[in-house]
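Peer 1: Here is how the chains run, residue by residue.
There are 2 protein chains.
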Amino acid sequence: MTYIKPKILSGFMELLTEEQIVFNELQDKIKKVYESYGFLPIDTPVIEYSNILLAKAGGETEKQIYRFTKGDNDLALRFDQTVPLARYVAMNYNNLAFPFKRYQMSKVFRGERPQKGRYREFYQYDIDVVGDETLEIEYDALMPKIIYDIFNQINIGKFQVKINNRKLLNGFLESLNIDNKQEILRIIDKILKIGSSKVKELLLELNLNNDQVDKIIEFINLNGSNQEILNYLNNLDINNELYQTGLKEIECVINYLKNSNINEESYTIALYITRGLDYYTGTVYETYLEKYPEFGSVCSGGRYDNLADYYTDKLLPGVGISIGFTRLFSALMDKQILDFSKKTILDCLIINMDNNYQYALNVSNAIRENDIKVDIHYSNKNFKQKLKFANKIGVKYIIIIGEDEINNNKVVLKNMITGDQVNDSLDKIIEILKKELSS
Amino acid sequence: MTYIKPKILSGFMELLTEEQIVFNELQDKIKKVYESYGFLPIDTPVIEYSNILLAKAGGETEKQIYRFTKGDNDLALRFDQTVPLARYVAMNYNNLAFPFKRYQMSKVFRGERPQKGRYREFYQYDIDVVGDETLEIEYDALMPKIIYDIFNQINIGKFQVKINNRKLLNGFLESLNIDNKQEILRIIDKILKIGSSKVKELLLELNLNNDQVDKIIEFINLNGSNQEILNYLNNLDINNELYQTGLKEIECVINYLKNSNINEESYTIALYITRGLDYYTGTVYETYLEKYPEFGSVCSGGRYDNLADYYTDKLLPGVGISIGFTRLFSALMDKQILDFSKKTILDCLIINMDNNYQYALNVSNAIRENDIKVDIHYSNKNFKQKLKFANKIGVKYIIIIGEDEINNNKVVLKNMITGDQVNDSLDKIIEILKKELSS
Chain X
1 MTYIKPKILS GFMELLTEEQ IVFNELQDKI KKVYESYGFL PIDTPVIEYS NILLAKAGGE
61 TEKQIYRFTK GDNDLALRFD QTVPLARYVA MNYNNLAFPF KRYQMSKVFR GERPQKGRYR
121 EFYQYDIDVV GDETLEIEYD ALMPKIIYDI FNQINIGKFQ VKINNRKLLN GFLESLNIDN
181 KQEILRIIDK ILKIGSSKVK ELLLELNLNN DQVDKIIEFI NLNGSNQEIL NYLNNLDINN
241 ELYQTGLKEI ECVINYLKNS NINEESYTIA LYITRGLDYY TGTVYETYLE KYPEFGSVCS
301 GGRYDNLADY YTDKLLPGVG ISIGFTRLFS ALMDKQILDF SKKTILDCLI INMDNNYQYA
361 LNVSNAIREN DIKVDIHYSN KNFKQKLKFA NKIGVKYIII IGEDEINNNK VVLKNMITGD
421 QVNDSLDKII EILKKELSS
Chain P
1 MTYIKPKILS GFMELLTEEQ IVFNELQDKI KKVYESYGFL PIDTPVIEYS NILLAKAGGE
61 TEKQIYRFTK GDNDLALRFD QTVPLARYVA MNYNNLAFPF KRYQMSKVFR GERPQKGRYR
121 EFYQYDIDVV GDETLEIEYD ALMPKIIYDI FNQINIGKFQ VKINNRKLLN GFLESLNIDN
181 KQEILRIIDK ILKIGSSKVK ELLLELNLNN DQVDKIIEFI NLNGSNQEIL NYLNNLDINN
241 ELYQTGLKEI ECVINYLKNS NINEESYTIA LYITRGLDYY TGTVYETYLE KYPEFGSVCS
301 GGRYDNLADY YTDKLLPGVG ISIGFTRLFS ALMDKQILDF SKKTILDCLI INMDNNYQYA
361 LNVSNAIREN DIKVDIHYSN KNFKQKLKFA NKIGVKYIII IGEDEINNNK VVLKNMITGD
421 QVNDSLDKII EILKKELSS
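Each protein sequence line maps, in turn, to chains X and P.
Following our numbering, the numbering of the first sequence begins with 1 at its first residue and continues without gaps.
Following our numbering, the numbering of the second sequence begins with 1 at its first residue and continues without gaps.
Mixed in with the good hints, there may be bad ones.
The list that follows gives simulated cross-link-like pairs (lysine-lysine, PhoX-like), each with its CA atoms no further than 20 Å apart [unchecked claim]:
hint: 1; chain 1: X; residue 1: K32; chain 2: P; residue 2: K434
hint: 2; chain 1: P; residue 1: K314; chain 2: X; residue 2: K5
hint: 3; chain 1: P; residue 1: K32; chain 2: X; residue 2: K29
hint: 4; chain 1: P; residue 1: K70; chain 2: X; residue 2: K32
hint: 5; chain 1: P; residue 1: K314; chain 2: X; residue 2: K7
hint: 6; chain 1: X; residue 1: K434; chain 2: P; residue 2: K32
hint: 7; chain 1: P; residue 1: K5; chain 2: X; residue 2: K29
hint: 8; chain 1: X; residue 1: K343; chain 2: P; residue 2: K434
hint: 9; chain 1: P; residue 1: K63; chain 2: X; residue 2: K70
hint: 10; chain 1: P; residue 1: K7; chain 2: X; residue 2: K70
hint: 11; chain 1: X; residue 1: K56; chain 2: P; residue 2: K5
hint: 12; chain 1: P; residue 1: K31; chain 2: X; residue 2: K32
hint: 13; chain 1: X; residue 1: K381; chain 2: P; residue 2: K314
hint: 14; chain 1: X; residue 1: K7; chain 2: P; residue 2: K70
hint: 15; chain 1: X; residue 1: K342; chain 2: X; residue 2: K291
hint: 16; chain 1: P; residue 1: K70; chain 2: X; residue 2: K29
hint: 17; chain 1: P; residue 1: K314; chain 2: X; residue 2: K342
hint: 18; chain 1: P; residue 1: K7; chain 2: X; residue 2: K314
hint: 19; chain 1: X; residue 1: K342; chain 2: P; residue 2: K32
hint: 20; chain 1: P; residue 1: K5; chain 2: X; residue 2: K314
Don't read these hints as lab results, they were simulated from the structure.
Because the structure is a prediction, the values reported are computed rather than measured.
Kindly produce the complete structure, drawing on both the sequences and the hints.
Peer 2: Written as structure tokens, this is what we have:
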């Protein structure tokens, strides 16, 4: 017989079980933070009508999308969770309470050319707050607080949320009498990657004069404490409305964070953050890990004026963030800073000396009733090989049952790390296990 | 502007948030049971190479699959979790400890003609134990025990696992000198739907004589206690090896369950259960809800001889079960027996009389630190409308903050169900909340 070589597509992540355990633990931590703020779960279909998913798309997105026909239907796989959210809110408008806070943590699909650290199928962990007609600026301020809670929880070192406001930036550009603002924002956004002088060069290639470009470069490179930057921005004395609105908004966000009892080093105004997408209209965020700036932003998002204008006449402003978790996890694996030593979910494995499992079965049922994860190792191998199996799966506690134990109505509990061994009644052993596992 | 009507494809499930909360709670319960037996998580890609996913497929499966090309690749969406498991085990053979126990709880895709209760995208909650060359029969017995734990947990009434063994059935057919066993098993499998006389009619259309058909009908309709059926099967005195092996296996499974401390009414030998698929070779299971036999089997599975024969020369016998959860959930919704009254994940919502949120922010941070899910309702509406919002989202506790509270460094806690209200210090209120929420 010839075999088909088992393999998966490049650009798709599949983990070994010990890696998947860690992946899921981190996922659960993020979910727990989202839920602690009352975000509600939704789960949109993977497959939708192409005309709905692509209503807003164009260019790159259209090229990357997985699109195909089935029967008479032109279908596509979701490529983000924002478009499905827009469709969902428009569709269920009458059933939702606004501001509507939802999380979705699922896979999205983009047929990009695969390259290191880029995935074609990847998890996004998103939250959004969507308002009906209006949405208070405090929700913009809530996002960095949530990002703080998450990266504090998942414990991968120091991080910083960089915050900007596109109204502020656009207002500033307006004050310089600049028109093609969108294009300029896209160039500015690259500054961390290409540096100031390259940005200057690109800006000069547009219809800008030296003075305008110098002022832009000075503006976006501004640094100092958040208060110093706010003072500077106030002192600039730019009187256009957009600028003043943006300034008020970013001041509100920073003041909120100051009152949020979080480390002040964990957030900063960064006037060069623009988030390339046309989509955003106010506050924008990116998040960087101090030790791994090369990861780029690990959590980004922002405020938008109208979520679902392709599907409904309702005005639905919102603000949200997204963690590209597959990519982040992959990068953390590359750095070898994740601990994959926990190979099993079991707390305890029961090993029989012989193959009479009735006693073992009673033992396992009694233990499991105490919320301890336990299983019997059924095997036709000898005792030594059974011990080897316990070692291989990395379970910390084993219970050994032989003829003596059955006759004396006892069990042997062994700690596989220390080698310590106790022989006692089942009740006592369960007591010991519970104590050890809770410590 | 013309709008695109927001809708999803027929045959795809999308839930309102209050429904999704219940869906996720049930999902978590099932996951917890799987983990309590030490099953390990895996998460295979949604998209795979068509030639790999379809290695074993044919006929109906090929027609139903979502298949398309992207670039040079012939791709397909997974239509079950068994084929990806086979590919996974073959691919990672050297990294796995056998018996390998895995769970996967994800969406699969089948482009069936949509009909009531059938989905094109649906969750399967699967576990399998895969052995290397051999796998002890006790794992066959473990499956109904796990099914028992699950349906006990999710609390939708009485249920019964129907257990059979294909060796027993095939051995019996052999003893009647019958050849086309596969076809007969497929007909027998329909007996619950079409009744005995129709099965008899269909069997007579094959090359069977009256006597053979009568014996088959008598055999598969056998009922009584498990012990009575086992006695009968032993007394039949059929000497072919297949029958005797099957009989020994089903006896082992039943004896194991007898020792498992579970309700004896929850499992029964049912000799007409065959599970149409060629795939299964020994023990087979189906699970029925007593109140809703019309749901059909809500959890099925069985033993197979060789998981991955298309991908590897390793002999990998296994046993597994699967819950088609989207379908089950949908059926339960139809019966209106699910309680969707919990509309929010929040334990407590903070409502401000005015729009000065600084005090509220301190309150919310202090509460959240106590593992209480809390958020501030930011809104430009008046107090009455804020209260209306709290009612609409169905949060049980609200905290009200007005000028008095700020000045006296207190907060008001209100139980929205009883209407009870307390005005006290934050510490005291947190204490009350913790106590109420844990009860």
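Peer 1: Tell me if the straight-line CA distance from X:K342 to P:K32 falls inside 20 Å.
Peer 2: This hinted pair holds, its Cα atoms lying about 18 Å apart.
Peer 1: Quick one, are X:K343 and P:K434 close enough, alpha carbons at most 20 Å?
Peer 2: violated, 35 Å
Peer 1: Regarding the pair P:K5 and X:K314, is the alpha-carbon distance no greater than 20 Å?
Peer 2: holds, 13 Å
Peer 1: Straight-line Cα separation of X:K381 and P:K314 no greater than 20 Å?
Peer 2: Given pair X:K381, P:K314 holds - Cα atoms ~18 Å apart, limit 20 Å.
Peer 1: Regarding the pair P:K7 and X:K314, is the alpha-carbon distance no greater than 20 Å?
Peer 2: Roughly 16 Å separates the two Cα atoms, so the pair holds.
Peer 1: If you draw a straight line from the CA of X:K7 to the CA of P:K70, is it 20 Å or shorter?
Peer 2: holds, 17 Å
Peer 1: Could you grab the alpha-carbon distance between X:K434 and P:K32 and see if it respects the 20 Å cut-off?
Peer 2: Holds, at about 18 Å.
Peer 1: Holds or violated: X:K32 with P:K434, Cα cutoff 20 Å?
Peer 2: holds, 18 Å
Peer 1: Within a Cα-Cα threshold of 20 Å, do P:K70 and X:K32 meet the stated pairing?
Peer 2: violated, 37 Å
Peer 1: Run the distance test for P:K7 versus X:K70: straight-line Cα separation, threshold 20 Å.
Peer 2: Holds - the C-alpha atoms of X:K70 and P:K7 are around 17 Å apart, at most 20 Å.
Peer 1: Starting from P:K63, check that the Cα of X:K70 is at most 20 Å away, please.
Peer 2: The hint holds at about 10 Å.
Peer 1: Measure nothing beyond the straight line between the CA atoms of P:K5 and X:K29; if it is 20 Å or shorter, mark the hint as holding.
Peer 2: violated, 36 Å
The structure does not agree with the numbered hints 4, 7, 8, 15, 16, 17 stated previously, though it agrees with the rest.
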